[in-house]
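Going line by line, the protein sequences match chains W and V.
Under this note's numbering, the first residue of the first sequence carries the number 45, and numbering increases by one thereafter.
Under this note's numbering, the first residue of the second sequence carries the number 3, and numbering increases by one thereafter.
No lab work stands behind these hints: they were computed from the structure.
Don't take every hint at face value.
Claimed, not checked - Partial chain V-side listing against chain W, Cβ under 10 Å, derived:
| # | residue |
| --- | --- |
| 1 | L44 |
| 2 | L53 |
| 3 | R80 |
| 4 | Y272 |
Here the structure is a predicted model, which means the values were calculated and not measured.
Glycine included, C-beta positions come from ideal geometry on N, C-alpha and C.
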Amino acid sequence: MHTLSIGELAQKLAAKQISSLELTDHFLERLSRLNPALNAVITPTVDLARAQAAAADRRRSAGESGPLLGIPLIHKDIFCTEGVRTSCGSRMLDNFVSPYDATVVSRLRCAGAVMLGKSNMDEFAMGSSNETSYYGPVKNPWDLTKVPGGSSGGSAAALAAGLAAFATGTDTGGSIRQPAALTGVVGFKPTYGRVSRYGMIAFASSLDQAGTFTRSAQDAAIVLQAMAGFDPKDSTSVDRPVPDYQGLLGAPLKGLKIGLLQEFFEGLDERNGALIHAALAEFRKLGATTCEVSLPNLPLSVPTYYVVAPAECSSNLSRFDGVRFGYRCEDPKDLMDLYKRSRGEGFGAEVKRRIMTGTYVLSAGYYDAYYLKAQKIRQLITDDFRRAFESVDMLIGPTTPTPAFAIGAKVDDPITMYLNDIYTIGANLAGLPAVSLPCGFVDSLPMGLQLVGPHFAEDSLLNAAHGYQQVTDWHRRTPAGYA
Amino acid sequence: MEWEVVIGLEIHAQLATRTKIFSGSATAYGAPPNTQANLVDLGYPGVLPVLNAEAVRMAVKFGLAVGASIAHRSVFARKNYFYPDLPKGYQISQFELPVVSGGTLSIMLEDGSTKTIGITRAHLEEDAGKSLHEGLASATGIDLNRAGTPLLEIVSEPDMRSAKEAVAYMKKMHTLVRYLEICDGNMQEGSFRCDANVSVRPKGQEKFGTRAELKNINSFRFVEKAIHYEVARQIDLIESGGKVVQETRLYDSDKGETRSMRSKEEANDYRYFPDPDLLPLEIEPAFIESVRDTLPELPDAKAARFAADYGLSAYDSGVLASSRELAAFFEEVVAAAGAANAKPAANWIMGDFSASLNRDALDLAAAPVSSAALAGLLHRIADNTISGKMAKDVFEIMWSEGSGADAVIQARGLTQITDTGAIEKAIDECMAANPKQLADYRAGKDKLFGFFVGQVMKATQGKANPAQLNELLKKKLG
Chain W
45 MHTLSIGELA QKLAAKQISS LELTDHFLER LSRLNPALNA VITPTVDLAR
95 AQAAAADRRR SAGESGPLLG IPLIHKDIFC TEGVRTSCGS RMLDNFVSPY
145 DATVVSRLRC AGAVMLGKSN MDEFAMGSSN ETSYYGPVKN PWDLTKVPGG
195 SSGGSAAALA AGLAAFATGT DTGGSIRQPA ALTGVVGFKP TYGRVSRYGM
245 IAFASSLDQA GTFTRSAQDA AIVLQAMAGF DPKDSTSVDR PVPDYQGLLG
295 APLKGLKIGL LQEFFEGLDE RNGALIHAAL AEFRKLGATT CEVSLPNLPL
345 SVPTYYVVAP AECSSNLSRF DGVRFGYRCE DPKDLMDLYK RSRGEGFGAE
395 VKRRIMTGTY VLSAGYYDAY YLKAQKIRQL ITDDFRRAFE SVDMLIGPTT
445 PTPAFAIGAK VDDPITMYLN DIYTIGANLA GLPAVSLPCG FVDSLPMGLQ
495 LVGPHFAEDS LLNAAHGYQQ VTDWHRRTPA GYA
Chain V
3 MEWEVVIGLE IHAQLATRTK IFSGSATAYG APPNTQANLV DLGYPGVLPV
53 LNAEAVRMAV KFGLAVGASI AHRSVFARKN YFYPDLPKGY QISQFELPVV
103 SGGTLSIMLE DGSTKTIGIT RAHLEEDAGK SLHEGLASAT GIDLNRAGTP
153 LLEIVSEPDM RSAKEAVAYM KKMHTLVRYL EICDGNMQEG SFRCDANVSV
203 RPKGQEKFGT RAELKNINSF RFVEKAIHYE VARQIDLIES GGKVVQETRL
253 YDSDKGETRS MRSKEEANDY RYFPDPDLLP LEIEPAFIES VRDTLPELPD
303 AKAARFAADY GLSAYDSGVL ASSRELAAFF EEVVAAAGAA NAKPAANWIM
353 GDFSASLNRD ALDLAAAPVS SAALAGLLHR IADNTISGKM AKDVFEIMWS
403 EGSGADAVIQ ARGLTQITDT GAIEKAIDEC MAANPKQLAD YRAGKDKLFG
453 FFVGQVMKAT QGKANPAQLN ELLKKKLG
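Chain W on its own, in the form it takes in the complex (with noise of 0.2 Å):
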């Protein structure tokens, strides 16, 4: 039951052949067992998920019916639950219960689906291997010596071991894409302003977007639906009809014009370039064509993210002073002591590292140098994906360049660690709409490929992704001791 997709356990919650409750209790069951070696809920609400999921069950009585009425996920730590503790992966917020729902919470749970608790994080979604989450490192379903990615790397590997039906995440320089790679999951981040930010704990609020993780293109469709949508508390959400994703989804891909991504190809691990021209092939045999493309600017997209994303953190985590909420230090002897040891205790090693690098860049007499100049090369990353658009319908690459590495190779550098997103970053940078499909295997670990589309392009998107999971099947793979 828990490796159908949504749409498979939507048609037995309506033909009455399960109850919600009943699903959800499967979950809850497999997460009890399975989640102590995994690490990837931090926190289960059991009690919560049974009321949601009676509750689900006593709307289909009385007539109600939908996609999601009774589907059971789990949301990222970084949404703020109402009366749910809310961590965002840090000792900051380890005491933080939050007194309102974030819009993709409330609009989920409107449309039925039950929530089964909170995943494990990299802190404040820094990260991407899930290694600098207060509450200890994910371990890959896969490979438990391997990471799953990060930011959202429990919400990954919670869906890759069967916790949930799905899983939300947010994606601001690959959190979703790259965990969706490392663990064989579809991972979907929606177009920049699609999907409300209100209460979703800002890393880099120019960025950062929320997504889902689902087992297929399609069930990406049915979650996107209930969560997009313009929200009149988030001012850089758009005002925009949401067009019927489901509903899109089978048209012919045939004449659909795919670009080669030139840059993302350089130097690209063969086994791994492998997998994205077979997916090639498939597209072809779909009566796609391709070519290649070239992004001139986009080989500069790692070093600009890592100017304008820690400038945004460090003004965004501000807030977090232990005056108000979150955690204080003890026996404060003033405000500085207050401040600094708060701060000091409350935030981890990467969490810190940004918050000194976006000071720096946003300081008097450097300002101009690193951060007007990366909003610049921002700018030309951007024209270069419309340009890029001009003659393509979407463009095609590897999501990340290895497949799940192990816990603990590249703690100690940071570097390595960020080129880890080197091929994600870019659609964050232009604020474009980008999902990752699982493309076979390296080293019997779950590979992904990327399709990036222009701006609202997410039918497109999902359409595409859908035609290449009718006729291949690595997305309904599950790893050893999960199935």
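Keeping the supplied structure of chain W fixed, place chain V upon it in accordance with the hints.
Relative to chain W, chain V alone:
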């Protein structure tokens, strides 16, 4: 050496919106601490700002009123610093691209001439909360009711050359924002406050001296005092061989002095950058025009009209136009009493009427004498029912009883005596009763004329028409 003072003001006007600039909390003053602070104001994790359109409308209204240009595109920026009353660790303000730039405001100098003060810019920003110490033993309390209240920061050019000019500018600005109904102007509550940039230079020197920024000035009187103190301090310092350092100084109104808060070296690096939570503010020309349509007649235009239409002096016109309410009251009185009564109306409003308001600490709206009642009194003066002198007493009674002029005149039998025979009779009696004075007067003691006026007035209980009395008395005394 002769010194020239150079002053620029940064005025913070709290915009009179119902709700805060980036949240739906109320902005009302005086509520119990932290009862008007929601999750956005508290800077909770995950919350986002949403701009209040009304605050933008008010900023645009201000910009139009001072002839400034309204930016088609302006940007909100974060000003980063740590302080307990600043929940997010940054203040949302405007930095490089303000909504309003390049306006002017004219002020009237003591010699009656006018001077134009340049307005560099005006930008929207949020206020911080307050730290509270009263009633808290060894702790500091934080009240975030004010956090997020919209402010318009109005920055002038360094165009003022004396404390008096600075006060005149601040007063004029105070008048203007209340005219525009964008700020209640309440200085006790901090709705209108200013910082002053002050420097001195040898007269004739073009280059500005090093300036000090004086913070925390919340009354017209304090602006003048703080600047005087600071100018004297800087001149003393330079003349005794020292140098003024660029710094921020706090004005202490209790001690009447300014003292250093922080020097330029210690100044915060605010690390301004565009707020990624807010899109650039784009203002369409049509919106600007719709705001322009709501502009009231502005103080200068109104004063000019009063002078032209009613023949009032520039000073009187300026005083009446200094408050929109007072000007409206004046016009109501004139409408009821007739344009011929405009001058007396102005005199009464600026005289007894304003004095009574001040004495009883009343707002114009609470005045017991209405515009119609005051017009009624003016009618009775004009038609000689009562004299100007009697009118003062009648006004007092109207003020305390809240009744109309005619009712007071009738009830007290205060009608002026204009019957020549009656006045003559009273004069005759007085002359008969004071033979010595009469003899002295006739012997050349002219001063005794006043004595007889007084005696007749006393005998008629002040009701004799003064002009007639004068004329008849002169005749009778010979």
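*Which of the numbered hints above does this structure break?*
none
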